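2 protein chains.
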Amino acid sequence: MLIGEYNHTLDKKGRVIVPSRFRDELGDTFIITRGMDSCLFLYPLHEWKNLEARLKTLPFNKAETRAFMRMFFSGASEVEVDKQGRVLIPPLLREHSQLKKDVVFIGVSNRAEIWSKEIWEEYSSNSSQSFEQISEKLMDFQM
Amino acid sequence: MLIGEYNHTLDKKGRVIVPSRFRDELGDTFIITRGMDSCLFLYPLHEWKNLEARLKTLPFNKAETRAFMRMFFSGASEVEVDKQGRVLIPPLLREHSQLKKDVVFIGVSNRAEIWSKEIWEEYSSNSSQSFEQISEKLMDFQM
DNA sequence: GCATTGATGCTTATAGGAGAATACAATCAT
DNA sequence: ATGATTGTATTCTCCTATAAGCATCAATGC
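First to last, the sequence lines map onto chains A and B.
Counting in our numbering, the final residue of the first sequence is number 400, and the numbers go up one at a time with none missing.
Counting in our numbering, the final residue of the second sequence is number 400, and the numbers go up one at a time with none missing.
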């Protein structure tokens, strides 16, 4: 399970260290793709296969579905962790998520995400304001 | 079942002793996460799995849900109790709950919570004033 | 052939985390 | 009251993960 938040930095070549706590779960090779809200999604291979299978069941005749699938698959890239625990973020994805130097990894259960630090701070401070409200709304069960 | 209130202190590295009365219930490894009202929630693994399973059923396409899940999982961390009965509180969570040195553990049935001593005293003195009032609003059951 | 660029790998310094040791406090039984 | 036992607080040392700079190598274009 992927959880937690970790700060890292891109080097000049666009490589970044994968948080040591994510490495087991993500494996040596994983999939990185365009995510929603200007971030990147990182899926372990088995999760990706899972997702792919589920996406195939979506109604293909809908324009939105097609658009979504194109974004998702065309942006996807299989990356390998090098001996020093780093991966190279493909340039297109670096742009998509506006990664400069400081980035944030977050774990979201079955996937990880990479955010530009700036954007994440903005996003999370907005979200945390409503976090408690949302949780009261969303959770009609006991925590 | 987790009950009671215990005072402890953070050391310079941000570690704290888990009250010995909580250890059996929480186990060697448990989950710490951002809680409501500036505290931290501590869940035994089996309780956490429960929660996670229920959260995964939420609609992923909604922006509000995504935000909630990001906050929930990114704020979580699996920690291990060391041989001396201590755990390291991740820096982000230390900030969230404004832990300085003196902290309070409380047991709340299926989870424990950690509070900054200051904040807990503030909160509990307010709450105990309204304890009777709250219970009138809340409770329709026999004690 | 040579220079430039990008990709990959290596090395080092640093910070933060894990573990061990010790001292201190509280509880309990005799 | 005394000592034994358990639990807590604190400090020190060691080790690992990270960041950053540098070295190597291959591919490309001139």
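These are computed hints drawn from the structure, not numbers from a lab.
One thing to keep in mind: the hints can contain errors.
Copies of the same chain are indistinguishable here, so a pair counts whether it falls within one copy or spans any two.
[Stated by the list, open to error] With a Cα cut of at most 30 angstroms, we get these calculated DSSO-like pairs of lysine-lysine:
hint: 1; residue 1: LYS270; residue 2: LYS313
hint: 2; residue 1: LYS374; residue 2: LYS357
hint: 3; residue 1: LYS313; residue 2: LYS269
hint: 4; residue 1: LYS319; residue 2: LYS269
hint: 5; residue 1: LYS374; residue 2: LYS313
hint: 6; residue 1: LYS340; residue 2: LYS319
hint: 7; residue 1: LYS340; residue 2: LYS313
hint: 8; residue 1: LYS319; residue 2: LYS270
hint: 9; residue 1: LYS319; residue 2: LYS357
hint: 10; residue 1: LYS270; residue 2: LYS358
From a predicted model like this one, the values you see are computed outputs, not experimental measurements.
Against the structure shown, which of the earlier numbered hints fail to hold, in ascending order? Result: hints 1, 3, 4, 6, 7 and 8 break, sorted rising.
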